[in-house]
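**Q** Here are the chains, one letter per residue:
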Amino acid sequence: MSARAKSNEQCFSIDEWFVVALARTIRDREVVFHGFGSPCAQVAMHVARHSHARDMMLVEGATYSINPEPPFIPPTGNDLALEQGASYRMRFEEFFDAAIRGDVDRMFLSGGQIDRYGNTNVTAVGPLERPKVKLGGGGGGCNLAATIGHLSLWTTRHRSGRTLVEHCDFITDMGHRTPAGSRAELGFAGGGPEWLVTELGVFDFDDGGQARLRQLFPDVSVDTVRAATGFEVQVASDLRSVPLPSSAEIAALRAVDPLGVRRSEFAPEELRRTFSHGQSVGCAC
Amino acid sequence: MSARAKSNEQCFSIDEWFVVALARTIRDREVVFHGFGSPCAQVAMHVARHSHARDMMLVEGATYSINPEPPFIPPTGNDLALEQGASYRMRFEEFFDAAIRGDVDRMFLSGGQIDRYGNTNVTAVGPLERPKVKLGGGGGGCNLAATIGHLSLWTTRHRSGRTLVEHCDFITDMGHRTPAGSRAELGFAGGGPEWLVTELGVFDFDDGGQARLRQLFPDVSVDTVRAATGFEVQVASDLRSVPLPSSAEIAALRAVDPLGVRRSEFAPEELRRTFSHGQSVGCAC
Amino acid sequence: MAFHLDTDKLVDLDRAVRSIEDGALVALGGGLSARLPMALVRELIRQGRSGLHVVGSAHSIDVDVLIATGTVTVCEESYVGFEQDLGLAPAYRRAAETGTIEVRESCCVTILTQLRAAEFGLPFLPVRGVKGSDIRRLHPEYREVVCPFTGETLVAVPPLRPDVALIHAPLGDRRGNLHLDQPYVLDERFAAASRNVIATVERVGSAEEVAAAGVTIPAHLVSAVAEVPYGAHPASCYPAYAYDRAHLGEYVRAATAGGSELAEYLDRYLTGQPTEEAYRKLVGADRLAALGQWSESIDAWKELFR
Amino acid sequence: MAFHLDTDKLVDLDRAVRSIEDGALVALGGGLSARLPMALVRELIRQGRSGLHVVGSAHSIDVDVLIATGTVTVCEESYVGFEQDLGLAPAYRRAAETGTIEVRESCCVTILTQLRAAEFGLPFLPVRGVKGSDIRRLHPEYREVVCPFTGETLVAVPPLRPDVALIHAPLGDRRGNLHLDQPYVLDERFAAASRNVIATVERVGSAEEVAAAGVTIPAHLVSAVAEVPYGAHPASCYPAYAYDRAHLGEYVRAATAGGSELAEYLDRYLTGQPTEEAYRKLVGADRLAALGQWSESIDAWKELFR
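Protein chains in written order, with my numbering: chain A, 47 to 331; chain B, 47 to 331; chain C, 4 to 309; chain D, 4 to 309.
It is possible that part of the hints are untrue.
On the chain C side, residues computed to face chain B include the following (Cβ under 7 angstroms) [unchecked claim]:
1. Ala5
2. Phe6
3. Leu8
4. Glu122
5. Gly124
6. Tyr145
7. Val218
8. Pro221
Covered by chain B, per the in silico footprint, the following chain D stretches (three or more residues, Cβ under 8 angstroms) [claimed, not checked]:
9. 85-92
10. 99-107
Treat the hints as calculated values from the structure; they're not laboratory data.
Yeah, the Cβ is synthetic: ideal placement off N, Cα and C, and Gly gets one too.
For reference, chain A alone in the conformation it holds in the complex:
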């Protein structure tokens, strides 16, 4: 590695730090899946498998290939690039059956709306009969969310104020509790949302299944989070800064995502946020 490249890894942007924060929600030896149209989660899984979770089983989100070594992450999820070097390629139903019977440990999920219980809406904003925005839809999330071991939620649009909401207009994928009841009441074996990572900070979920702010990016204040959040923000007593990414993580990320597809999830103004290992904010490199 050249001195120039090494130096570059001292310096990173919010999309990179964000992806690393997502990657760290994965534990080693977990079986992990991401939905399609989720480049941040997709890149995060590859980063994890090349850093702290080398023995995880990575299942690609639309090719169902296992542990591929893609030469790059393409901007579409069902692409042959995502099967390169895979040890096996599951059939569609082979993956979904495994997930429904409880053999998949973690899934990444996002949403146009997310509420305090981690319920997510990817179906429609506004009234169902005449929605203000018809979103793309949930893919397989509705059933998967019930049975997969843990969910890592994320959004890159927290600051908009429209994403973390008091109530989802439509619950596509269940979090910890919906008007229909809790997971226990519905008989769901999956543990539900464990983390919610946003471009402002990281939430976990308390015993009542409600989101709780645990970590902040260093250029973000609790007030900023409160202002951007539609539900009352609980703050953990040990609130701290999001741990810095390692050089190895940054290197892995840049290697797997040379096209920068992860960046498509962020508003352009967010992408100006850069950091370095030396100073936590406003890297000039």
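For chain A, the structure is supplied; the task is to place chains B, C and D on it using the hints.
**A** Below, chains B, C and D alone, put in the same frame as chain A:
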């Protein structure tokens, strides 16, 4: 074909005529299946496909291969010989699903006991708790018999007097009616037994679902059939001789079954019954 | 259902599509922007089909352009869109927001389960996760069933038996045997659950060639086959070609603008081209050939996605 | 269930089988006299395992010899026997007739359905045909369920989750990827529904070799792999070898006779041979090699079956 071979086809034994009679229960363009351990039915299907039913779809009974051209029929049903030349090899579940949803038109079924409604017992003779004879078991027949279009039943042990019985000790595969009800009452889409071919003659089934003698082999009398049958024998008003096999059918049969596995179904004394096209009984060739 | 036993099912695209009736329940093969049955979709539009009820997992331009042309009445896909890259599906979004189509959004697992009910010959099958989701509000046809062993209440879903599944494959033979590369998405299940399968193939090969490549969907499930090179364009059909991201971008921009811009796109690429040959000519041989150059090097491949 | 993520699962046969407990619910792979997991069966007998509950579709010497040695308490196969050729399964028949085993004879479709319930993570699934059959009398655990759409009463069956599936494959790798030739019978379903899969393979190859041949059962479903040449003998394992009809005949004669003749067979081939190597030596290298000569000519193949 040599003159000698041609002459031989004028002369045939009961196993050959019997298999041809079975073959003729198949209509062209039907999808047809035989259970394993059923060499007569197995050979009959190949005979049909090489004579009057060239566009049938033949599904081998334990390899689920479609339209194979086996170099010979081996004495075991799950053998690679039975996949040679197949246009496709179904998975186990692919075949069973097709049959259960109604895409298979005909199945051959036999039984250690068969009653007048075409119910068959391949499970146990005598009381269930302490059977006199534990038979092999029904494979997939119990569900298949409910939904496959038509059943061609057969037995080579009619003369024993123990096979066509008043009541089956155990109903493995349903015919037209069991103590649980009729097919219509149970909601079964399959038409049930259409033919019952024995080494003595051929039965069809009347509107009430009861077996009715339609054809006799020429060396068999109605009294012989009555003596060998545990239920009252209904005789069709147009009772006639089993139609003779054609030379082409005999040739097809001998080509596909050079090992004579079909003969394993018959008692040795039956196999002495030979016939010819010129004279109907007691061929001397 | 009922197997298709004809030994020669090779027909031209026009005839293959003519058998599909207005109002048909149509399953769309492939997924996202891969192996979509676009030639079949274009021919449906050329023939002015209407009232279709489309079902599938996660789809993009196939569904959106059918909606843009007023071909669809009911949309029962699990997702319609262009992922993060190109965003929401413009025509789908507009039609849903203005109520010109009925959205019966479903979940991949539920669709799979309903296809299995048809494939297994069962009158219902249970699913679990729908219970916590508002997806259920979009499906008043769902019922409940109590497990007789555990007492658990599950959601019961009915069989899904499409009138026809539209599938594009890289290779097939005249009998209808199809070879697909993975991911097969729902194509195998569609083929087994649907009354008819109409397939387009990049190339018709001999039965031996298809058998050697591997039969993914057997002939007895397929009712008609048409040979249509680039029949998935602008979706990918590996190993032949990658997707045409620039074309998808052009479509999304036109469809987002709507009005005359969308009409222009539709006229230019669909109604204005009487045949697939004309469509290919319009797109351009050079452009199509470039999509096949993904295999030359990683850099060439990457270049297609910049 | 729960995936098996270890990267090296290669163990010796003794250790592989030691993990199976007395009383286990054991699924037997292969079918009739093809690809039966005979080395695993022999090792179970050598280790004196007892109380097994065996499940499978149509089987022969594997089940019969387990019963002959008193290893089985409950038999839930759809068929046990030697087809028309060699007839009824002697030990199975005797044990059933004298009540020394519990016969829970089932139907292939019902077993498939129960395995699917486990594979799909559902607490029950419906079947239909059992209603007209006395097979139901052998299964008091079955319940009924009414279809909420049609009102039809169906039989509800519970999931079948074997503790372990025993599978023999012609080729596998150290991670546990298995390549099988068709027919796979229930092996794929067993692998997905069972808590553990213990596999023997004719030969361990590289991951690349197995991938090129085609992975039928993926490593994450497999808990242990042992390399055992002729591990299916006297059943077949194509393309390596045909079944040993003479040996099956020898077994059936001894088992039919029972008493000292059966004891002699069991001592000679099973308890008297401490390892598979000793078993192969006893059967004879020439005999085993002859079973591989099926591919030389049709006549050579046929000769094995005369």
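**Q** Holds or violated: the segment 85-92 of chain D covered by chain B, criterion of 3 or more residues with Cβ-Cβ distance under 8 angstroms?
**A** With 5 residues in contact (Cβ-Cβ under 8 angstroms with chain B), the coverage given for the segment 85-92 of chain D holds.
**Q** Regarding the hint that Tyr145/C lies at the interface with chain B, is the smallest CB-CB distance below 7 angstroms?
**A** 22 angstroms, violated
**Q** Against chain B, is Ala5/C within 7 angstroms by beta-carbon distance?
**A** Hint on Ala5/C: holds, closest Cβ of chain B at ~6 angstroms, below 7 angstroms.
**Q** Is the interface hint for Glu122/C satisfied, with its Cβ closer than 7 angstroms to some Cβ of chain B?
**A** Holds. Min distance 5 angstroms.
**Q** Holds or violated: is the Cβ of Gly124/C closer than 7 angstroms to a Cβ in chain B?
**A** 3 angstroms, holds
**Q** Does Phe6/C hold up as a contact with chain B if the rule is Cβ-Cβ below 7 angstroms?
**A** The hint holds - Phe6/C has a Cβ within 7 angstroms of chain B, the shortest such distance being about 5 angstroms.
**Q** With a cut-off of 7 angstroms, does the beta carbon of Pro221/C approach a beta carbon of chain B closely enough for the hint to hold?
**A** 4 angstroms, holds
**Q** Go through the hint on Val218/C and say holds or violated, using the shortest Cβ distance to chain B against 7 angstroms.
**A** 6 angstroms, holds
**Q** Three residues minimum, CB to CB under 8 angstroms: does the segment 99-107 of chain D make the cut for coverage by chain B? Let me know.
**A** holds (count 5)
**Q** May I ask you to test the interface hint for Leu8/C with respect to chain B, counting a Cβ-Cβ separation under 7 angstroms as satisfied?
**A** 6 angstroms, holds
Hint compliance for this structure: hint 6 is the single one not met.
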